[in-house]
Structure formats: C-alpha cells, structure tokens
Amino acid sequence: MPTYRPGPVSLAIAVLVALFLLLPLLAVIPVSLTPSRMLAMPTGELSLRHYRSLVEDPRWIQSILLSIRIGVVSSVISTVLALTFSLGVWMFQPRFTAALVGFVLLPMVVPPVVSAVTLYFLLTSVSGISSFFGYDTWLGVAMAHSVMTVPFATVLILVSLSQLDRRIDLAARGLGASVWERATRIIMPNIKFGIVTAALLSFVLSWEEIGVTLFITSVNAITLPRLMWMGLRDNIDPAIAALSVILIIITVLVLAVRSVITRRRAAA
Numbered sequence: 001m002p003t004y005r006p007g008p009v010s011l012a013i014a015v016l017v018a019l020f021l022l023l024p025l026l027a028v029i030p031v032s033l034t035p036s037r038m039l040a041m042p043t044g045e046l047s048l049r050h051y052r053s054l055v056e057d058p059r060w061i062q063s064i065l066l067s068i069r070i071g072v073v074s075s076v077i078s079t080v081l082a083l084t085f086s087l088g089v090w091m092f093q094p095r096f097t098a099a100l101v102g103f104v105l106l107p108m109v110v111p112p113v114v115s116a117v118t119l120y121f122l123l124t125s126v127s128g129i130s131s132f133f134g135y136d137t138w139l140g141v142a143m144a145h146s147v148m149t150v151p152f153a154t155v156l157i158l159v160s161l162s163q164l165d166r167r168i169d170l171a172a173r174g175l176g177a178s179v180w181e182r183a184t185r186i187i188m189p190n191i192k193f194g195i196v197t198a199a200l201l202s203f204v205l206s207w208e209e210i211g212v213t214l215f216i217t218s219v220n221a222i223t224l225p226r227l228m229w230m231g232l233r234d235n236i237d238p239a240i241a242a243l244s245v246i247l248i249i250i251t252v253l254v255l256a257v258r259s260v261i262t263r264r265r266a267a268a
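Numbering-wise (UniProt numbering), the sequence shown opens with residue 1 and increments by one.
In case anyone wonders, no lab produced these hints; they're calculated from the structure. As the structure is a computational prediction, the values presented were derived from the model and not from experiment. Check each hint, because a few of them may be wrong.
Said to hold, decoys possible - List of simulated lysine to aspartate or glutamate pairs, DMTMM-like, C-alpha gap at most 20 Å: (1) Lys192 with Glu181; (2) Lys192 with Glu208; (3) Lys192 with Asp165.
All chains, full assembly: derive it from the sequences and hints.
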C-alpha cells in the first residue's frame, strides 16, 4: 500500500499555521516572568514572584483543590447518567428514541446564559430546602456542571455503542443473561474506552466552566476559573499568566505521554 507524505510546501504551510496558533500562547511565558505587579512584558529583569504567589497564596491552592473536587464529582455524575441513559436507549430501543436523545442534548443547544439563569433559580430554590447543595456550594456547582456536561458524555457513549455489534447482546440475551449481566458483563467492557473518554471530557469541561459558575457562586465556592476571572476583572494579577504557563506545560506533557504510548502500542 503506497504511503503518501506531504511535500515541502505543504509542510511549510502547516508549520506556519502551527506557529500562528501557538505564538499567542508562547507570549504568556515572558509575561509570567515580569517583576511588575501588573500584566506587562519584562523590560530586562526576570522574576519568579508570580510563580511563588501561586504556592504562597492560599486562595490559589484552595481554588485548585475545589475545582478538582467539583470536576471529579461532576464527571462521575455525568458519566453515570449518560451511561445509564445510553444503555437504556441502545438495549431497549424505545419508540421515541430520537425525542429522548434530543431532550438529553438540549443543554448543548441552549445558550449558556439561558442555562445559567435557569440553574441559578433552581439552586436558589434548593437553598431554601437545604444549604448543603444549593446556591454557592461546591456540591451545587458540581450538580450544575453535570447538567452541562451530560450531553457531551452521552454523545461519546452513544458513538461507542453504535460501533458495537448488536448480535453480541442478542446472543447473551438468548443464553438467558439478565439485563444487568448484559449491561455490566457484555456491553460495558466493550465500550470502556468510550466511557473513560466521556469521564475525562466531563472533567475537563467542568474544570474550565466559567459562564454557569459566575451565576451560581458568590463568595464560598470560588473555583479556579472564577478566581482567574476575578483576577483579570479586578486587578489583572500576573499570577494568572504564571498559572497559564503551568497549565500549558501540563497539557503538552499529557499529549507527549499519549503520543509515546500510542506509538508503542502501534509498534507492538
């Protein structure tokens, strides 16, 4: 089978496009090393004061830990709900499948501001019943994030199920397997990659969510994106640039590790 490789012109264009997309990200690096208290390019002297502030200022550590907690809980809730719905639709094939899927995907279509206002009124109403998971609580934020991430997890799991041979489920059903056994021992092991991907995507979406978070939090549940937004809005803290550099490095490392693992699996 012939192998097609890009020519020098195509390769040069690809490199230029990549540089055009990456240069704005690379500009954050010198800004994070400025000794100034404001966002500015360093004029000669470099400083790590803003990286130290990420460790010394408890607000950053607390917001990072809170975002991780909310992201994990939201990811678990979203994945469980999406998996349950997808398995039910795929296994039982109800008459109004298209309508049910459209209803679940509705938060993906509705403008985020509309969802944020709706969740705000919902959580403030819940606060009158219990202050544990109402407005401006970490559990309330996790529940709100789950509403926004369930559609994405559902799409990924449904795609994984669409690639599964239905005859496997029919064979297990013919041999007398119960619904629970078919779901847990036959179907889920064959779509585990889609489930893991849905969980990771739900965590990432919850980690970076800011639009809904601004509406449903005040002073108690300050997530990392909200704290960064407050820093840009109030005093333009250069520590945000330092945090951005750290996040970029983590992303590059994750992609590099994934690339190495993929190449080793392909070679094996």
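Among the hints numbered above, which are violated by the structure, and what are their numbers in rising order? 2
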